[in-house]
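Q: Going by the working numbering, the sequence shown wraps up at 503, each residue one higher than the last.
Everything labelled a hint here was simulated from the structure, so no lab data went into it. Among the hints, a few may not be true.
[Claimed, not checked] Simulated DEER-style distance windows between Cβ atoms:
no.	residue 1	residue 2	range
1	A227	V477	23 to 33 Å
2	G307	E439	13 to 23 Å
3	D177	R125	21 to 31 Å
4	L207	W397	25 to 35 Å
5	E108	G307	31 to 41 Å
6	A449	R173	44 to 54 Å
7	A227	A449	45 to 55 Å
Cβ atoms here follow ideal geometry from the backbone N, Cα and C, with glycine treated the same way.
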Amino acid sequence: MKKRSIVKNSLILTGFSLAMRVSGILFSMYVATGIGAEGMGLYQLTYSAFAFGVTAATAGISVAVTRVLTEEQGRGRQGSEGGIMRCALFYATAVSAAVMALVLYLSEPIGTELLGDPRTVRSLRVLSPALPLMAWAACFKGQLLAVRRPVQIAISDAMEQAVEVGAFLLLIRRMPDADTETACAMIAAGVTLSELLSCAYLAYAYLQHRERRGKPSRSGFFRRLMAVALPVAGSSILASGLRTMENVMVPAGLEKSGLSAADALSQYGMVRGMAIPVIFLPFAFLSAVTSLLMPEVSEAQAAGQDGYIRGLIRRVIRYTLLLSFPAMGIFFVFAHPIAALVYENDQVGMILLILAPLVPLMYFDAVADGILKGLGQQNWVLRCNIVDSVIRVILVWRLIPAWGFTGFMTVMYVSNILNPVLSVHRMMRLSGVRMEAGEWLGKPVLAAAAAALLTRALCLRHPVMQTEVRVVVTEMVLLVLLYIGFLLLLTPTTIHRKARQRA
């Protein structure tokens with residue numbers, strides 16, 4: 001029953017996730033066309049600073065709610081949900097209101113001094129009312145995840161994205177000649193409105209699916225929530241501060257390398273706002289599983305089901321790598337056609353090609369984080385992220401002014417190799433799962449390489465048609481089918497396995 005529930009929820013969430021990622025790319029394509037790569041860079045810079053406020057307002061609370069609720073479920077206790085949620089909402093309200101006040105009061109020095117661009121001030125002010133809404137939403141999401149209602153979370157995310165896109169389109173049509181600063185403020189207004197409606201829906205979903213039976217259990221919920229939330233919050237704030245510092249330093253470093261301020265923002269925007277969303281589009285097939293892993297593993301751990309946890313981890317690792325290597329092959333073969341079709345920008349195609357080898361590592365790292373948090377290792381995950389952020393800041397400071405864009409890509413490579421290696425080592429040691437290099441790496445790598453090379457050879461026969469959507473999609477499907485075929489050739493059948501066992 002538990003396995004069927006995971007599969008069912010995963011399929012539903014995959015559909016939502018894929019639709020949202022496609023709409024997000026279409027939205028970024030529209031925004032990039034309207035305000036250009038520089039405008040994308042300016043908004044990414046603004047949001048990187050605002051993200052620090054989001055972390056301060058929300059960090060740890062969703063994980064804490066899910067963790068404490070699933071522990072209660074695993075121990076068979078009832079009547080505790082109401083007390084847990086009251087404590088969580090009180091904490092979220094107090095912290096987020098204080099952070100919102102600070103952002104409003106300090107928006108001008110943050111924009112002019114920290115970010116070095118006064119055009120970011122207005123967007124920061126427009127975004128600040130979203131902070132309490134995000135904090136409350138985090139509480140509701142934690143509860144819904146704990147009671148296995150991920151579809152409601154997916155609906156809220158879809159609603160949030162639809163409202164954000166719709167609000168921006170409505171505003172930009174009313175003011176088609178808006179400058180870059182005003183256009184960024186329009187995006188910020190869409191974000192704030194979308195958070196309001198999303199939070200309202202999540203509150204409704206919580207009221208529909210809250211616990212309605214059982215006598216109130218023992219108190220001490222606030223202490224237990226804080227035992228999870230505060231270490232996570234402290235580490236998250238530090239990690240977020242380092243990420244914000246890095247995001248501010250990247251355009252500044254590119255400018256020091258010899259680029260103009262506009263070109264530096266453009267290159268930053270092409271990586272963060274244009275290439276990365278495209279790279280994570282195939283991750284929609286895995287993000288659903290990732291969101292379900294933490295409560296599933298957490299409850300199984302509380303119930304002492306170690307064998308179930310090991311089997312779940314093996315399956316998730318295998319499926320993650322099986323899906324990520326063909327995605328890498330697609331970006332190797334179709335980087336430039338994808339960039340031409342989505343953004344009409346060949347520089348983005350080069351960035352996609354450079355980052356293609358990192359795709360399996362990026363996907364695996366996200367999945368490993370979900371497993372480790374389910375095992376109660378959220379503090380370790382955050383410490384690992386802090387170490388990674390410190391290394392990134394040092395490399396950004398030293399490499400980008402000297403090497404320019406090459407330095408930026410070097411930082412991306414170092415970070416996206418270090419984090420997954422540390423995560424997989426920790427996960428294997430805690431769970432007792434052994435590395436199956438042949439099944440997890442050898443076969444998918446060989447199958448993906450063969451499929452990519454064969455597809456590439458076939459594509460070279462008609463390069464002129466590489467900008468037609470129908471042709472590119474057909475060739476992508478061909479690559480995936482070839483990958484599946486080669487994978488089947490490399491996988492022994494049941495008859496072969498029995499023959500080997502007899503021998």
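Q: Now look at each hint and say whether the structure bears it out.
A: We went through each hint and held it up to the structure:
1. Between A227 and V477 the beta carbon distance is about 49 Å. The supplied range of 23 to 33 Å is therefore violated.
2. Look at G307 against E439: about 19 Å separates their beta carbons, and that is inside 13 to 23 Å.
3. Here the CB-CB span from D177 to R125 is close to 22 Å, well matched to the stated 21 to 31 Å.
4. At roughly 49 Å, the beta carbons of L207 and W397 sit outside the given window of 25 to 35 Å.
5. Remark: the range hint 31 to 41 Å for E108 to G307 is contradicted by a beta-carbon distance near 57 Å.
6. The hint said 44 to 54 Å for the Cβ distance between A449 and R173, and at roughly 47 Å that hint holds.
7. Checking the proposed 45 to 55 Å range against A227 and A449 shows it holds: the Cβ atoms sit about 47 Å from each other.
Checked against the numbered hints given earlier, this structure breaks hints 1, 4 and 5; the rest are met.
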